[in-house]
Structure formats: structure tokens, C-alpha cells
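Protein chains in written order, with this note's numbering: chain A, 1 to 304; chain B, 1 to 304; chain C, 1 to 304; chain D, 1 to 304.
Hints listed in this document are in silico derivations from the structure and should not be mistaken for laboratory results. Be careful, since some hints might not be right.
Where chains are identical, the list cannot tell them apart; a pair therefore holds if satisfied intra-copy or between any two copies.
Said to hold, decoys possible - Lysine-lysine pairs mimicking DSSO-like chemistry, simulated, CA-CA at most 30 Å apart:
#1 290 x 229
#2 265 x 186
#3 290 x 183
#4 120 x 183
It should be emphasised that the depicted structure is a prediction, and the values quoted were computed from it without experimental measurement.
Number of protein chains: 4
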Amino acid sequence: MEKISGLIDAPFTPMHADGSLNLAPIEAYAALLVRNGLKGVFINGSSGEGYLLSEEERMQLAEEWMRVVPEGFKVIVHVGSTCAKSSRRLAEHAAGIGAWGIGAMATPFPQIGRVEELVKYCEEIASGAPALPFYYYHIPAFNHAYLSMLDFLKAVDGRIPNFAGIKYTFESLYEYNRCRRYKNGKFDMLHGQDETILPCLAMGGAQGGIGGTTNYNGRVLTGILDAWKDGDLERARELQNFAQDVIDVICRYRGNIVGGKRIMKLIGLDLGPNRTPFRNMTDEEEASMKAELEAIGFFERCNR
Amino acid sequence: MEKISGLIDAPFTPMHADGSLNLAPIEAYAALLVRNGLKGVFINGSSGEGYLLSEEERMQLAEEWMRVVPEGFKVIVHVGSTCAKSSRRLAEHAAGIGAWGIGAMATPFPQIGRVEELVKYCEEIASGAPALPFYYYHIPAFNHAYLSMLDFLKAVDGRIPNFAGIKYTFESLYEYNRCRRYKNGKFDMLHGQDETILPCLAMGGAQGGIGGTTNYNGRVLTGILDAWKDGDLERARELQNFAQDVIDVICRYRGNIVGGKRIMKLIGLDLGPNRTPFRNMTDEEEASMKAELEAIGFFERCNR
Amino acid sequence: MEKISGLIDAPFTPMHADGSLNLAPIEAYAALLVRNGLKGVFINGSSGEGYLLSEEERMQLAEEWMRVVPEGFKVIVHVGSTCAKSSRRLAEHAAGIGAWGIGAMATPFPQIGRVEELVKYCEEIASGAPALPFYYYHIPAFNHAYLSMLDFLKAVDGRIPNFAGIKYTFESLYEYNRCRRYKNGKFDMLHGQDETILPCLAMGGAQGGIGGTTNYNGRVLTGILDAWKDGDLERARELQNFAQDVIDVICRYRGNIVGGKRIMKLIGLDLGPNRTPFRNMTDEEEASMKAELEAIGFFERCNR
Amino acid sequence: MEKISGLIDAPFTPMHADGSLNLAPIEAYAALLVRNGLKGVFINGSSGEGYLLSEEERMQLAEEWMRVVPEGFKVIVHVGSTCAKSSRRLAEHAAGIGAWGIGAMATPFPQIGRVEELVKYCEEIASGAPALPFYYYHIPAFNHAYLSMLDFLKAVDGRIPNFAGIKYTFESLYEYNRCRRYKNGKFDMLHGQDETILPCLAMGGAQGGIGGTTNYNGRVLTGILDAWKDGDLERARELQNFAQDVIDVICRYRGNIVGGKRIMKLIGLDLGPNRTPFRNMTDEEEASMKAELEAIGFFERCNR
């Protein structure tokens, strides 16, 4: 199976002021991402508030992204939800509109406590789009699915034919590497934490990744991969350190889903508010975040 | 606002062998519950796999329950989901079909970490059915919303006009009682753990409750309230102990959602399998559970 | 084996202003407890900062308590520590000075993750005082030993000859009752949460208990047992509610170990500061706590 | 302040078959470590079961290590315990016998919940040896002290004069790097997870580290640092992968404290059993672990 090379972006979902879906900015959004070195999008995931959208809205978004992206730019549709039947329908839809791949995180309800439950869940969904690569999105901080990913790979191997790999959004580079080395790299281990691309590269990983801060900091983050390829360690470190500085700021403003989405407005692409139960930033908070970003020179280096 | 008196049942959702919705058993189901002393149903909640159903299926279920229940038998519709807009539509629908009330647990995604987020979430949903009492369903073991319920009551008081109270499914009878005593009993504190009805009664609570094992053990559980009212402590203790014995068995068979649903088949009302990611019981497991229930004399005392 | 009837107090450890041990107040302390209806003391436990004392200090405290208590007033010595060999020596010492019993909570380091580890730990300690009843002190909020107490009882039964029962400081009255009913009440289940004595009594438990707020609120708390025995439910409820009101206040002042110890000064028995890493209250905090206690009429009803 | 360069070993504590202290193997132990490239020892820590030893035993161990190590081989004494006064005495003792430095993890009891508590705890201990560098040992998986280490550095900076840095045993290389970069590297950030030395080096860290598997795999682990220095990335990766393979095996045999200690016997330095509550390995388990280690060629590459 093809492995992803380079960085895929997890886009935010544009909304009108009243919280309804706003498809208008997506064309410009895609162009921005292409311009800044991203290789595709992983839509309707956590950054995209996928769980807070209806099934129909998720389909509309997928259709619009498919419409606007250039040839070769990958669209991976996150189809996970608490209703596996709905997720399977979303998988079928993704296949129908020609998406490159699909993905799903573990359902947060009922909380997944055993590998077998997770395999069953992924199997039911993946079978809805048997011709597309399926990625499991591991983000236990969000759904408490603290399972061994190595045990999971062993369990899906030979059982889910279109299983492609894992978007690994967890701190354990040890487990990441064990999964990466499974059967000499049988599965695609997408690195999923923008703050540790460089260390992961050193270990042999992070050839492909899915980022959340790539929305506004993609030039810097793809720069880490380029610098590493060029053997320029000092440049790679400087870029990784800067990426961490940006993340430090976001962490003080409710994280990427809320704070990061607001940064898009600051760089000229207003994507609107977040849905309930997220608490939207006030204008004062926005100004304060902007000042912190200016202090580290963010606006000279960010996506545009 | 009216307070609920007696026990409300949280029904399972009947399904065909392929996991699709099966509305046929609901009429008999309602009759069984009425016959055994239950005062209403709390549908599409955790026992009902509400989160694993589509919006449309949830509406169909609500309509069917409304169609079959007798006058005065309360139908409360759980409308919680990860998409507050969908939940609000479900609330509107519940009001439209004449349901007695609505309820919602905290969304498991994104995980609720602050009282303000929970209030905002409940507010958006409750406003969809302003004429119906809204109950917050507190079950932190399922969604990690470990928030102070007293702080929550203070925050909703005066802000959500149709806020009625809490279905309290947590172990802290101390916190339960603090909430119950808030402003001299302003809100309705429904007791939500069948294993501790008697101790809660002693403290002045549990005048109303919502049960999960009431589906098959309602006669015993409503018997606890009757015995307490009669001043017959020994009888109340014997019934509460027996209820715990039944729960002991269920805990060994994946809990109420899986094990309890299968008991319904054993007492003559086959409700079919559970949806993914639940692992359904094998025939061997069913036989083993049945033997354990026989050993404690369950089938002589259960609902019928 | 004799079962404990009535309430045992878990005393604070008196200290000089510099944090060194102060044995002087203990004689008056014991008299205060006797006067207010307590049946014994459980020393060097969590309220007593036992883990923050040296082995020698713990022995000195035990000797002083033995010296001052009247005939029939039980002294139970908590001997748990991270070093089982030290705990065993403390058990031998307790037996040597004529203590009534011993107890130990699970060591917090290494964290106990399996019943077999806990049994092994208790076995090594209990064998140091084979003629004394040994109580396991279950307080998982403090040491993360979230194990099934029923499984634990089954595992120690027949293996630790002097195992007497459990000081149960956890919210699950369901599990408490299952343990209480094990082999028709073979083991002594001491209730360990002052906020829920009444509900536990209703279920058939709480014949004996160990309290932390009994230090200053023992008259009220023993009053619950008396009222229940007299069949005066209203009085029992009023007392239990008041006990909860007091605990509400303490919870706002760093809990019983810090806030409760300071209350002793307010009722005339200054026991000094807490040891590191506890943060001691400022005078302003003390004044504020005092005002809150006055507002609920505490000083008219407390121990004296 | 001097920063540590290279790897320090966290030794196991030798015991007789009955669990009593055995000082005899320490001389040979030190020689083994020197031979295999280690730069010092961090004694009485988690690998050394320091919390399971008495104050006197900890002093005896420290004295013996000081007696046998060669000039320039650093002895750092872990002095943490639940009793800060005892820890302070151990710090004084360490200074008195000429140890190079001291360290302490957060007390597991009472559980540390705030930075201020941790600072107070470290301050009281560190002041016992004001001329020695003090290292905080961050290992939240063992003591639940999940605090921000950056906030902690800010809080100790200027308050604890002999604060040297952190032994960082946690997965977040992001937080590690933020701490490393604090005030241009003011504090010494010792890397504390043998499975991720290479990725940490890439990021600019891991110049110094403290290892647990260095006891038997030190040649391989110090080899990673050497290979990196030589610019031989492939060699560094091979060594890091092998180190992970060894750790994989240990994880199946109760981890390093139990499984790792038993490996010492397999490489010719029998250190005896673990103390209660650890469960010692059976002969069958030992044989099985040995076979797994042979299968990965461990015995050709390990320390000797």
C-alpha cells in the first residue's frame, strides 16, 4: 500500500457566526494549504469538529473539499462517530466522491476498553469503503482509548484488508517506533504531534504526518522535514523550537481547536466560531494571543 | 415544577439480528413495565444505546414509545449527542410528539472539563423544548465529566428556565444529598443507581429514581420504596440485598447494557443484539448467566 | 473475632511550631474524645500524618496514647509505610505495648495494582502481631489502590489468620455491603466516611466506624448512631445533614488533615502545624474558616 | 553549575534471599558499570527500591557505594521519602560522606497536587545538603505528580539555591525541550527513558541521562551517544532499536525493577529478590525471559 510522504493538514471547519456550516472559504483554504507545502487534508477530525457536525454536514464538507483540491492533493475523510452505522455510511460516501482515504478515531461512547472492541468498530467502518486505505486515528487523550497499538496492529493484520496504518497522536515515541518496525514497516505510521517531528525523524519515523498547527504554521513544519533531508540539523532544530513556541502560545488559549482556529482569522482566513460546548474566545483574548504571537515573530513566518 | 415519584425505567432498544431497529416489541415492553410498577421510561439513554443510533432512529423510537404508553406513564427522551444542534432538534421533536420531559448527559467529545461548558451545552439543548422539564444525566464513569454537581446547580439556577434536576448516577451520596438540599429541595434529584436505593431513602432522597435493572427487576426495586414507606426495614433490606445479588451477576456479563439486555430474552422479551463496539454474548455465556441467575432465585422474583 | 461497635477516632498528631513531635496535648486529647462518645483511636493514619513521621516518632506516639487512655478505650495503631519491614517492626511494637489492634493502608509506592500484591503486603505486616486484629484501611483516593475489596476478602480469608476486616473509606456503599455480607458477616466492615453514616446504617452497616471529623464533631456523629438506634429518623437526618455542612466547610480549607487539625485549635486544643508538603493555613484563612463554622452554629454543637 | 555528560546508572539494591540488605556485590557492581561506560550511579531510587528500605539501610548503601567507586565516578543519592524530615537527614548524610549530588522524586503520600507543595518539599530536603546539586526526579507514572515541569522550574528558580535540574522520566519530549530551553539551558535536563535517547539527542537534549536498563545494557545505550557524536545515524538507530527490543522483553516480566534485577543474575551478578509488595519471578519465568533475551541476541551485547 502507498505510504504517505510529507505533511497532511487537519483543517478546521468554517462556520458562519451562528454556528452553521460555511462552505465558502474552503476553496481559498485549500489553495493556502497547497501553497504552504501540505500534501493533503484529513477533514472532519478533531480539529474539524467532526463529532460536532451532523452526518449530512460532514458529507457536504467532504464534497466541497473534493471539488476544490488540485489533482494529487489527498483528501482523507474522518468518518468516526458514536454510531458505527452512520460512520459506515460516511465511508461509503467518501468512496463515492473519490476521496483518497478514510480514517476514524475510537468512539468515545461507549468507551473502548479492549482491543477486540476497537477492531470490531474499525472493521465495520472500514468495510464501507473497501477500496480506500483506512487509518486508525489514535488520540487517547480525547477518548481514553489507552490501548496497546502494537496489540492492535497484530489484531487487525489479516483481518481488515484495507487497513493502512495509524495516525499516532500520543507522546510515546517508543510505542510509535515499535509499531513502525512491525513486520519491517508493514503499516504506515503517520506522526501526529507537531511538537516532536524532529525527534521522530531521527528515530526513522515521521516520513508522513498529519498536523493540526499546519493550518497556520505549515511552512515551518514542512521545513523541518526538508532541513532533515538536507542534513541541516541546526535548521531543523530552530524550526522545531519555533513550532514549539507557537504551540506554547496556543496552549494558553484553549488549544488548537479554539485558539488555532482563531489564528486563521489573524492570518486572513476567517473561519468563524467553534460549536458548543467549546467556549469561543473574546476579542480581548484574541488581542492578547495576537500580541504573544507577534512577540515570537509568528506573523513573519506563518502560512499565507 | 413537578417532582418525579417512584421509579422510571431506562429501556433497552430492540434490534433485529442484523442490528437494525425493531419497533415491534415496544408495545409489549411498555405493558411489562407498567405491570411491574414502573412510572415511566427514560429512552435513548445509555441502556438504550442512544449514542449508537442515528438521529432518525431516535425519533422513530420516541414516536413508538409515545404511541404505546398509557395515559400518565411518563416518557422522558434522552437527546444528548456529540452534536448539540442535533440534540436540540431531538428536543424539539420530543416536545412535538408530547413527551413528558427530556434529558441529556454530558457529551463525551469534546470531553467536558468545566462547569461553564456543561451549562452552555445543556442550555443550547434545553432551549429546544422550553415547555418540557430538562434533566441533566450525571454519569461521569461514562463520559469523564467529573464536575461538582453543586456548582453546576448554582450555575444553571436562573439561567436555564426549564432545568428540572439531575439523574444522579454516581456513588457519592454525600454530593447527592448536598444537591438535594440545595435551596430546600429546589431541584429534582433522581437517584440513578439501583444498588443503593435503600441507603438513599434513609437520607431523605430517592423519592424518584431512574433504573437500568428495573427492566427485569422492577418488582423488586419498586418493592424497596414500598417497604420503606411501610416502615418495614427488614423487607427493604432483603430486597436491596437481592437487587445487589442480581447486579453482581450482571457485572460478570459485561454489565447491564449487554448482560441486562440478554436477560430480557430470558424472561420472554427478546430485544436482540447490541450494536458495535459492544461484544455480544455467546450462547455459552448466556447459559452460564442463566444458571447464575437461577442459583439466586431470580426467575421467581423478576418482572414478567 | 470481636467486632467494633461505635465510632473510633483517627486523631491528628500534635506538633510543635517547628514541626517536631509534641506529646504534651495527648492526655487532654484522649480525655476530650472519651468525653464525646468515641470508643477508641486509630493513630498514625492519614489524619495523623503517619506517613510523614519517622519509625521512632510513630512508636513514641503509640506509647503515649497507650499511657493515657482509660481501660477499654481501644488503641489501633496504623503501621503502614512504604517499607514493609519497618511496618512489621511497628506491628511488633504495637503488640508489645498492649495496643488493641493494628491496621495498614496499601503502600502508595510502588503502587499496588493487583490483589496478590496487597495480600502479600498485608501478610508480611500482620504476621508481626499475630495476636492482634489486623484491619486493612481502604482509601484508594489516597493511594490509587482501586482493587475489588470482595476479591481481596476472598484472597485473605484463610491466609492471614488475624485479618479482622476493612476500614472502608470509599464511596461505594454497594461494594461495602457486598463485603459486609461476605460469609454472613465474617469480617468487620468499619465505615470510614463521616458524611454517609446514616445511609450505611439503613443498609445494615456502620455498626462500627472510624471517623476523621470525629475529632471535633464526635458528639454529632455518635449522635447519628444513637438516633438510629432509638428509631428517630428525623433526628438522625438532621445530625447527618449538619455533619455534611461541617465537611462542606472543611473541604474549602484543604480538607480534614489541614483544615480539621486547625479546628482543634479553635475548640481549645492547639495541635500545631502540618508537616511538609502540606501547606499550612494562614491566620486570614483560619479567621475565614472560623466565620463559616460560626455561621452554621458549629461551636454550639462541637466536641468540648 | 556543572552539567552531567553521559549516562548515569540507577542500580538495583542487592539483597540476601530473605530480603535483607547485601552489601557484598556492590564492589563488583561498580566495576561492571565503570567497565561498560557509565559515568556514575543514582542510588536508592526506584530501581533501587529506595522507598522500601529503612533510613539506616539507605545510609549503609550510600556509604558502601562511596567506598567502592573510583575517583570521578559520580554518586548521586536519592533521598526522597514520605517523611521530609527523614529525607533531609539523608541529604545531610550524603553530603557528609562526600556524595556528588542528591535527588528526590515527589512524595507519593500525600499526593502532590500543586507546584507550591512540590517546591516546599524539595526546598526542605535540598536545604539539608546546600553544597550539593539537587535533582528533582520527575516520574509521574509512579507518584501521580502530573505537574507542569516548566512551571516548577520557574518556581524553584531563585528559591532553591542548589537546584541543579530534573531527571525527566516521562514521555513528553515537548515538555522536556521546553524545560531544556528555559533561560538558555539554565538547568540540567537529564533524560530518563532509555527507549528514547536518540530522538532526544536529535532535539538537542540527552547530553546527560540516567538509565535503568543501563545496569545490563549500558554498552548499547552509551553506544547511542557515541554513534550520534560520530554522526553515524544508522548505528545509533540500530542501537536504539535494540535497546527497545530489550525493553519489550522486560515489560513482559514485570518491568525493570523485577525483571531487570533478575537479568543481573543472568549476566553473572546475582542481586537477590525484590522486597514486598513486588512479586518475585519464578524459575520458570526466569527461564522464559532468558529464552526471549537469547532470541534477540542480548547476551552477546550486554554488559559484562
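Under a CA distance limit of 30 Å, which applies to residue 290 and residue 229: within one copy, between copies, both, or neither? neither (32 Å within a copy, 40 Å between copies)
If the cut is 30 Å between Cα atoms, do residue 265 and residue 186 qualify within a copy, between copies, both or neither? Neither way: residue 265 and residue 186 sit 40 Å apart in one copy and 37 Å across, limit 30 Å.
As a check of your reading, is residue 120 near residue 183 (CA-CA no more than 30 Å) within one copy, between copies, both or neither? Answer is within: at 22 Å inside a copy they meet the 30 Å cutoff, but 41 Å across does not.
Intra- versus inter-subunit Cα pairing at 30 Å for residue 290 with residue 183: between (46 Å within a copy, 23 Å between copies)
Comparing the model with each earlier hint shows violations of hints 1, 2; every other hint is respected.
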